[in-house]
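Protein chains: 2
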Amino acid sequence: MTKQFPQNPPSDTQKLGEFELIRDIFMKRAEQMMRAKPQHAPLLSIGDDGAVVACHPNEELVITTDMLVADRHFFVDTDPYLVGKKSLAVNLSDLAAMGAKPTGFTLALALPKQKQAWLHGFANGLFDLADLFDCHLIGGDTCQGPLTISITAFGVVPNGQAIKRSGAQVGDSIWVSGALGDARLALGCIRKEWSLDLGAEELNQINQRLHSPLPRVALGIALREIATAALDVSDGLLGDLRHILEASHVSAKINLDALPRSTVLRRQDQAIQYQCVASGGDDYELCFTANPDQHDTITSLSKELGLPLTCIGQIIEAQDESLLILEDGDGIPLSLEKSQALLRSFDHFRD
Amino acid sequence: MTKQFPQNPPSDTQKLGEFELIRDIFMKRAEQMMRAKPQHAPLLSIGDDGAVVACHPNEELVITTDMLVADRHFFVDTDPYLVGKKSLAVNLSDLAAMGAKPTGFTLALALPKQKQAWLHGFANGLFDLADLFDCHLIGGDTCQGPLTISITAFGVVPNGQAIKRSGAQVGDSIWVSGALGDARLALGCIRKEWSLDLGAEELNQINQRLHSPLPRVALGIALREIATAALDVSDGLLGDLRHILEASHVSAKINLDALPRSTVLRRQDQAIQYQCVASGGDDYELCFTANPDQHDTITSLSKELGLPLTCIGQIIEAQDESLLILEDGDGIPLSLEKSQALLRSFDHFRD
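Note that the protein sequences, when read in sequence, are chains A and B.
Reminder that position 172 of the first sequence reads as 172 in my numbering, one-by-one numbering, no gaps.
Reminder that position 259 of the second sequence reads as 259 in my numbering, one-by-one numbering, no gaps.
Bear in mind the hints are in silico, worked out from the structure with no lab data behind them.
Worth double-checking, as some hints may not be accurate.
Which copy is meant is left open, so a pair is good if it fits within one copy or across any two.
[Unchecked claim] Once the Cα atoms are required to be at most 25 angstroms apart in a straight line, the calculated DMTMM-like pairs of lysine to aspartate or glutamate come out as:
(1) 115 - 71
(2) 338 - 77
(3) 253 - 320
(4) 338 - 71
(5) 113 - 77
(6) 253 - 193
(7) 28 - 246
(8) 28 - 134
(9) 115 - 317
(10) 37 - 59
(11) 113 - 71
(12) 338 - 257
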């Protein structure tokens with residue numbers, strides 16, 4: 001744990017804050033969960049300078065890290081329960097994209113001031129999601145500072161079975177799970193970008209997609225045997241897909257009208273639909289490629305998981321002019337201007 | 001990677017920032033180091049949603065995480081090279097305390113705005129230290145936000161050899177490495193808490209202890225065979241030592257005059273000396289316990305490493321009234337008031 005500069009000399013009457021705070025809220029919950037699910041606990045020890053984790057000789061470890069900053073990745077007045085859930089969900093989504101089964105995570109948390117109520121809500125959301133996926137909190141650090149959450153999550157895959165971005169082959173079909181764009185639509189509504197006529201139930205539905213994404217863990221595990229490449233859709237489908245294309249040295253043809261979207265999104269103007277579904281982001285669905293002969297297997301998997309899996313295009317040979325060729329449902333290429341607008345994935349440093 | 005809310009619509013002329021920034025500065029350095037030291041690389045793959053790490057069946061993994069917030073853990077105008085070095089050093093110090101050999105780390109970084117120069121300096125410091133300990137950057141996340149650095153570091157120990165806090169036995173000697181208190185003295189000077197008469201060379205020496213701590217990795221590895229318990233001194237010796245005592249259900253008698261300190265610190269008032277050495281913090285030395293029959297082995301180890309190792313007290317049976325009994329060099333117990341003042345370790349949420 002790092003030393004923090006003392007701002008004021010402490011007085012006798014002030015009680016120990018951080019250690020008790022962490023122990024009371026996080027460690028207790030972590031220990032409860034370990035006792036309840038010892039068979040899933042990767043931990044040999046907790047409460048030291050580091051956690052000790054056992055390695056299985058037939059497994060590789062997958063490690064991912066994400067940072068969430070208040071008012072950039074979530075609104076500061078968002079229900080802390082949802083912030084807690086989402087903080088872990090975005091990391092488990094990365095693990096799912098690699099085909100890894102989540103096992104544990106560390107949490108580093110900067111808080112503006114002692115906010116017991118916020119911490120309890122945050123911890124409840126965090127542990128409810130952790131519990132759902134048998135993923136154990138194995139260590140952490142808490143300090144005072146602008147509200148920032150950094151989670152590093154660990155998962156396991158059988159040796160050699162992690163799904164990479166680099167395996168896409170010419171002729172592969174491109175698939176995406178669930179529906180895209182609702183989170184972006186919800187953000188647009190909150191920020192009053194668009195004047196939309198949405199009912200309370202519709203708003204609730206899209207807000208849930210923004211605030212409470214569910215990582216596609218079971219899908220990711222099943223895809224180990226099926227997918228040639230995969231990633232999670234967090235920054236917008238087309239921008240994220242570029243990473244597969246670059247890593248695999250191929251291009252792609254995408255049918256924009258095939259991109260799966262909710263009934264709520266389908267009711268909006270086509271421009272808004274395209275923007276939300278193609279480059280909206282915050283979807284936390286999986287995008288993957290697979291040989292066309294896997295079509296029936298994928299259709300069965302979709303039914304088994306109760307999760308739509310939609311074929312949205314095809315991997316083609318690397319094109320000189322463009323990684324991505326966008327077409328409408330009739331196979332007519334989009335204008336260069338429209339394509340360019342959609343191909344700009346939002347970048348964290350650009351504004 | 002998490003989606004960030006777009007603040008302004010991007011324009012055509014803005015180039016991709018984050019991905020190139022990270023790739024240019026961090027990924028290139030990480031890949032260079034992997035090529036230069038393939039034998040030390042824990043990595044099977046990088047550049048996907050997560051990193052894939054091989055596990056060795058005879059080893060356990062030790063994982064630790066630390067968050068550093070600007071103007072709380074370091075001054076915002078500190079040379080970014082030193083911030084980069086220290087960010088990793090504090091994590092490797094935790095690994096050292098467990099007897100683990102560092103192998104890799106992830107980095108999550110929030111930056112106030114695009115600061116190329118800062119990033120380069122930071123990366124240089126980070127990688128210089130990483131290189132020194134063959135510790136590879138295996139993944140990360142970068143976003144815009146108040147300057148915050150969160151590192152999760154990984155190390156390995158042979159199965160069952162991680163040093164815990166819970167192993168201290170009655171009769172064990174208590175040891176500490178190096179010298180304590182210089183970092184706190186430097187902080188006091190910077191903040192003008194005390195009016196001290198220090199020469200430029202003396203100031204330089206104590207500032208180096210504050211800004212450029214060196215994790216005791218070789219010592220930690222050697223202690224696997226010697227220590228019954230260990231931790232790193234980051235929040236002040238006496239406060240940190242309490243964690244060993246609580247975990248081991250014992251108490252300790254400490255000779256305050258034996259606490260190792262530099263010539264610079266020895267020149268100050270006794271009150272300042274005691275405060276800096278006993279509860280100053282930011283020392284990143286190791287405190288450990290060992291059976292008295294290890295005395296000669298520890299003395300030899302000290303010579304071998306060129307690092308002072310000082311016996312500062314003894315583990316005694318758990319006392320009802322106090323975990324720690326503080327004495328001066330003549331074995332005379334400190335007054336209750338003086339003891340209490342020293343026993344208050346700084347707490348991150350107390351101010």
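Each hint tested on the structure:
1. For the identical chains of this complex, residue 115 and residue 71 are neighbours both inside a copy (17 angstroms) and across copies (20 angstroms), given an alpha-carbon limit of 25 angstroms.
2. For a Cα distance limit of 25 angstroms, the shortest separation of residue 338 from residue 77 qualifies neither inside one copy, at 35 angstroms, nor across copies, at 44 angstroms.
3. Only within a single protomer do residue 253 and residue 320 lie at most 25 angstroms apart by alpha-carbon distance; the minimum there is 14 angstroms, versus 74 angstroms between protomers.
4. Taking the shortest Cα distances, residue 338 and residue 71 never come within 25 angstroms of each other, neither inside one copy (30 angstroms) nor across copies (45 angstroms).
5. For the identical chains of this complex, residue 113 and residue 77 are neighbours both inside a copy (15 angstroms) and across copies (23 angstroms), given an alpha-carbon limit of 25 angstroms.
6. Taking the shortest alpha-carbon separations for residue 253 and residue 193, neither the intra-copy value of 30 angstroms nor the inter-copy value of 66 angstroms comes in at or below 25 angstroms.
7. Within a single copy, residue 28 and residue 246 get their C-alpha atoms only as close as 44 angstroms, which misses the 25 angstroms cut-off; across copies the closest is 16 angstroms, which meets it.
8. For a Cα distance limit of 25 angstroms, the shortest separation of residue 28 from residue 134 inside one copy, 16 angstroms, qualifies, whereas the shortest one across copies, 35 angstroms, does not.
9. Taking the shortest Cα distances, residue 115 and residue 317 never come within 25 angstroms of each other, neither inside one copy (54 angstroms) nor across copies (38 angstroms).
10. In this assembly of identical chains, the alpha carbons of residue 37 and residue 59 lie at most 25 angstroms apart whether taken from the same copy (20 angstroms) or from different copies (23 angstroms).
11. Taking identical chains as interchangeable, the C-alpha atoms of residue 113 and residue 71 lie at most 25 angstroms apart whether they share a chain (17 angstroms) or sit on different chains (15 angstroms).
12. Taking identical chains as interchangeable, the C-alpha atoms of residue 338 and residue 257 lie at most 25 angstroms apart only when both belong to the same chain, with a minimum of 14 angstroms there against 75 angstroms between chains.
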